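Peer 1: Here are the chains, one letter per residue:
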Amino acid sequence: MLVTRTLYQSRTDKALSWVFVLPVILILLATAFIPLGWGLYLSFFRYKLNLPSATAFIGLKNYLDIFSDELTLRSLRNNAVFAGLSVSVELLVGIVLAMILSDDRRFSRVLVSILMVPMIIAPVVAGTLWRMMLDRTYGVVNYLLSFLGVPGISWIGDPKIALYTIVLVDAWQFIPFVAVLVLSSIKAMPRSFLDAARVDGASPWKVFWSIILPVTSPVIIIVAMLRFIDAFKVFDTIFVMTGGGPGNATEMLPTYIYRQGIKFLNIGYSSATAVLFVILMSAIALVFQRLRDRQLLRIG
Amino acid sequence: MKTRMSPSSTGRLISIALVLLLVVAGAAIGQKKFAGKSIRVLYFSATYADAAKEYAKEFEAQTGAKVEVVDFPYTTLYEKMGLALSSGDSSYDAVTPACQWDGEFEPFMTDLTPYINRDKFDSNDIIPGLWEQSGKWNNHIMGIPFSNTPQTLAYRTDLIKKMPTNWDDFFALCDKLNNPAKGFYALAIPGVKEQFDGLWMMVDWSIGGRWADKNWNVTIDSPETRKSLDIAKRWMKYADPAAPAWGLGESDAAFLNGNAAIAFSWPTLGIAPNGDDPAKSKVVGKWAIGLIPYEKNGVTVLSSWDIGIPKAAINKDVAWEWIKMYTSKEKQLINFQKYSILPSRISVWALPQVKNSKLYPHWQASQQGAVIWWRIPAGTMAETYVRDSVSNYITDQWDQDKAVSYMEDGFKKLLADYPPAKGVLNTGR
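Sequence order for the protein chains is A and B. Residue numbering for the first sequence follows the numbering used here, starting at 1 and increasing by one per position. Residue numbering for the second sequence follows the numbering used here, starting at 1 and increasing by one per position.
No lab work stands behind these hints, which were simulated from the structure alone. Note that this is a predicted model, so its numbers are computed, not measured. Ideal Cβ placement from N, Cα and C applies to all residues, glycine included. Treat the hints with care, as some may be off.
[Claimed, not checked] Derived contacts from chain A toward chain B, CB cut-off under 8 Å, selection only:
{"id": "1", "residue": "L51"}
{"id": "2", "residue": "A54"}
{"id": "3", "residue": "G149"}
{"id": "4", "residue": "G152"}
[Claimed, not checked] Covered by chain B, per the in silico footprint, the following chain A stretches (three or more residues, Cβ under 8 Å):
{"id": "5", "stretch": "21-31"}
{"id": "6", "stretch": "128-137"}
{"id": "7", "stretch": "210-224"}
One chain only, chain A, in its complex shape (with noise of 0.2 Å):
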């Protein structure tokens, strides 16, 4: 009889928990699934929704021609190198802000507030602004630099630079957001590893290089990760900052994606660059996870 009870209670158990868990995918099923499903379907097309007697099955073309098309390849690669730069710079600078801000002075509080300012900007209004302040001749950073004697930069005007500017522009807004994740982290630690280490005569570098960051170490991957995928989607700073100019200096993915399935309203080649488009960032955050699960076996 207590076997059967049991047996009762754990199929009433898994019958309630997908009770509970049903609302969720019935959600990601009507947002997520059915879309990119109908998306991947559509790549098979040619299909411009403004010419629905153009319409053919092609197969795999679409896909074909985005290996061939020059401007998606450099797409590619101007987007895996803006997030690698801008990433590497969010990461290297926040983790040091994070360090500085991890005593307890009022201070420190004070400035997490204000460096939050730049993190609540939204990504539009944060691109005009900087659009007006980078203008190589009526923008104010250039008129404080000529008075290091530095003359007038092209921020956004020379294709050598412009890339490196956007850059520039994605840390100043995400590098609060990485520095207060990895504040959490540090003062999440337990006290006792610092008191230890600094009772052990640990310099201040030991206890960061040796205790600080491996800890932390999961916390930074997944920011990483969440970093990398957004630096991957950016589409707002570089639509108003560029329109992805000069040339194709600064063009991107999403941007890309944008113009050839809302300006062109080519769907069928859209969806297979965002099909795609989603496959690399699937991989991309199997690997960061893959990595966070090595190092948290490795922290114990």
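Assemble chain B onto chain A, guided by the hints.
Peer 2: Frame of chain A; chain B shown alone:
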């Protein structure tokens, strides 16, 4: 026992009935034709929308119908309009496509011919040739053109006596005027690719270049294309170094601030409305409109907007009344005087207020020839090949061979994937 109504009661009833009848009749006479109805109209966020917003109250007073004017910037108007039309959305009762979008949007637009014939619309007053480029497509009338703007330039009359008519003299003038050490440049140019490509086009066509012949055989790889690319690249030597990142607003501002001698622009959008306003301009009374230098012909780029009724529109009759009002002779004169919207009507161009205005050189440019690029459904995509190509070339990211071959390969692919309908010839360039 039956009782009959007394004569006085009957009379009272009849009187009440007569009074009620009079009240209803009075209300019917006072009620406007489209009372209780409303329309939503879609415009480009510039002077055209401003004019529409001004007329909305007047239209309501005349017809009883409310008008909601929705506007978007040029960069997003195409996709908003395209998505609404191609999805059969009935949000808009009237839309204002740019003429280069006509071929794409025509299948979703109402043919206005029955309305024009029914109300005897004065079609003969529309500038000949304009309607064929803006509003007519595939033997349908999908819109009435309400603006006719050939691309011109603005120049400083205190520095330039007469605008050169060829590019050699033009660059000689730029050499003379350019003074970067003093922050003064010969040229104010919008360098962002969505503006710059139009500038390149007008040079290419004015020296005899074409994207394709009338039967859609691609002819973009030509000496004219290569020469026009070089001319466009040479402009940048005389422009503010910030120009590659400038939109039309920034470029016009540089001219209005007195920092440039010549502005490549659409002067009616920014320079004309503000040029003689001391609060917004440092070149009051010192500017004029000039024609683009040319070598073979005076052909320049046309910007024209037409207004039509989507097939999915709900209040088509009201929308037609709005179109008639907005494109009327009276309103086109107000549009011109107050909003610098160049008229599409011959009779308005002939008025002394227009003939004597600073904007009259646009009429000459129009007579010399103003054309739009491909109006076929693949036209927007074709223009993007031009944008990318020209922008990458003038910023030294591509060499000339690559820029030309990119356009050529792109055009050929587009025409293969989305061929023009049978019988449709290339009447543009």
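Peer 1: Hints first: check each against the structure and report whether it holds.
Peer 2: Quick rundown of the hints versus the structure:
{"no.": "1", "hint": "L51", "result": "holds (5 Å)"}
{"no.": "2", "hint": "A54", "result": "holds (6 Å)"}
{"no.": "3", "hint": "G149", "result": "violated (17 Å)"}
{"no.": "4", "hint": "G152", "result": "holds (7 Å)"}
{"no.": "5", "hint": "21-31", "result": "violated (count 0)"}
{"no.": "6", "hint": "128-137", "result": "holds (count 4)"}
{"no.": "7", "hint": "210-224", "result": "violated (count 0)"}
Of the numbered hints listed earlier, those contradicted by the structure are 3, 5 and 7.
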